[in-house]
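Each chain, written out:
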Amino acid sequence: MGQDRHEGTQPLLKVEHLTKEFPVEGGVISAHRKGSKKVHAVEDVSFEIYPGETFGLVGESGCGKSTTGRSIMRLTTPTSGTVIFDGKDVSTMSRAEFKSMHRDMQYIFQDPYASLNPRMTIGEIVSEPLTIHNVMPDAAERTAFVRELLDVVGLNPEHINRYPHEFSGGQRQRVGIARAFALRPKLIICDEPVSALDVSIQAQVLNLLSDLQREFGTAYLFIAHDLSVVQHISDRVAVMYLGHLMEHSDWKSLYTEPHHPYTQSLLSAVPVPDPDIQHARKRIILAGDVPSPIDPPSGCPFHTRCPIAQGRCSSEVPTLRKVLPGHYCACHFAEKNPIKESSIRL
Amino acid sequence: MSLKSWMKGEPVAVETPDQQRDAAPAEGTTIDAGAPSRTLWGDALARLRRNRLAIMAVIWIVFIVLVALTADLWVPQTLGGPTAQLYDARLPMSAAHPFGTDQVGRDVLSRVVYGARISLAVGLLATAISTLIGLVMGAVAAYYGGFWDTVIMRLADVFLAFPYILFVIVMLAVLGSGIQNVFIAIGVLGWPSIARVFRSAILSVKENDYVDAARSMGASDARIIMRHIFPNSVASIVVYSTMNIGGAILTEAALSFLGMGVVPPDPSWGILIEDGQKFIATQPWLMIMPGLAILLTVLAFTLLGDGLRDALDVKMKDA
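First to last, the sequence lines map onto chains A and B. For the first sequence, the numbering used here assigns the number 664 to the initial residue and increments by one for each residue that follows. For the second sequence, the numbering used here assigns the number 173 to the initial residue and increments by one for each residue that follows.
Some hints here could point you the wrong way.
As the list claims (entries may be wrong) - Computed cross-link-like contacts, DSBU-like style, restricted to lysine-lysine with a CA-CA straight-line distance of at most 35 Å: (1) K985/A / K700/A; (2) K701/A / K378/B; (3) K999/A / K751/A; (4) K378/B / K677/A; (5) K378/B / K751/A.
It should be emphasised that the hints constitute simulated quantities derived from the structure, not laboratory data.
Chain A with its partners taken away, still in its complex shape:
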């Protein structure tokens, strides 16, 4: 797809036709039967992330955005598709290459309570990546480094010997961030890092993440279910629905000129601080629920709830195509879309 302003740059991460299906757990017999039901979590997703940028991935719960992140990290094996990290195909990596990939790619988890081992002190947690990759074998040097790292993420270095349960959610998430940054990775997959936190603390953690990015040039794959969170931090944004990428572009173009009716409906739900504008906007309220990923609709996955759907939508799967420079949309009627007034003035 080649984002225009990245012309000529080698992407850090290239995801091509990534698909992940989970078998539906049935009985002992039916699970092994051919043609049993599957959850189509991620369907043919392709995108690229360039060094130092933030790529926001937005969608409702269950749309497959976390599964995308976990497949890239190889916490789960994708059904098909390729993930190319730093020029190398992850699935054909040797053991040593695979281990070094885990040095350059880190993960920040959504739940700050479950992502820290309750039986390790935060010092042990933050230094674990160093131990695993045998960086800084000298214990005193490592401790000094971990203390500095804790200070950088805004924690008191004196707390190095405390256990995670002695910290609040926001503080724990800072521990997770310190751990992710310990090896100074090239890419960090942030899987809804702030959605479990209070709104006031969300802003602090988001600021910390962008400060650290500015400092160290780390690229983020930033997964969120909230467009306003992503807007804060992203260079480019992709919108996901039922396992499919619906639209992606640089954030400004996506927020000012959304082409996909699903993106438009999401944006219409983001509150605007100015009450006059807020009143003048029209909310697009979608009817019905997200269809089951076990039995996804034929054609365009969004056609069952789309306000502008026509006959063609239920039979023909729209592909991502260029609608503006660097702006891609998977809708048959992207250009002729009548609902535009939802766009946010930024």
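Given the structure of chain A, go ahead and fit chain B onto it with the hints provided.
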């Protein structure tokens, strides 16, 4: 990529430290910032010390173990050995014979003390055997899952489908009675419940994000098991095994009572009860004293297990 060099760089611009550190303090932050490093087991011990019932249980267990271990030093000289028939039969309790004497003139206190050796040994050894087998079976079933999980868990179901005591009796009938066969029978047949407990503990720990976090850092399987899964699932086994010791002591007593366990004239608490029950109407101490020993010891292991469960829970407040 040099880690040293990036730390030497300019400090990251952050807001004032007060704003950065989240306003809400976590529970337990009453400890001074410079609190000394505390280890997990140290913390657990401190919590256990505050549990009065558990401390009483520990005192009783230590007492009974010491009495059993030192028996050779004082019992034969003062009371006569456990099998020596030195006195008149069925003497009541007195200063010379605190627990009286039995139907053939043996001192009951010395028999209870020597009985403690056998009963405690059965409790500890049999539990060690079942815990060892149970840990391996549970760990394999939970970590590898799939085929091995099915095989091991169905095997456990088969073991649990038979009444435990009958199964032990059948096994003893095959092996023959005798103390080492009692260890083996109780130990080998006790693994399924421990395997189940450990398996479910691992399965729930395995789903935690910190296991995925370790995996995403490139940790080896061995490291994930030893550093993340095992320390978080072992507490349930420590608790369960402690309680299981009491259960094994009871099983041995029941077997000896039924004449399947320890061979007379060697004493065990079960044999003493079996001997004494014939005289319950006239000399009740013959049965009551070993019965009390069993009761107190089994109760002590249960209370200790309870105390350990609370002590090993890191999330318990330090209040």
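Taking the hints in turn, this is what the structure says about them:
{"no.": "1", "hint": "K985/A / K700/A", "result": "34 Å, holds"}
{"no.": "2", "hint": "K701/A / K378/B", "result": "24 Å, holds"}
{"no.": "3", "hint": "K999/A / K751/A", "result": "40 Å, violated"}
{"no.": "4", "hint": "K378/B / K677/A", "result": "30 Å, holds"}
{"no.": "5", "hint": "K378/B / K751/A", "result": "30 Å, holds"}
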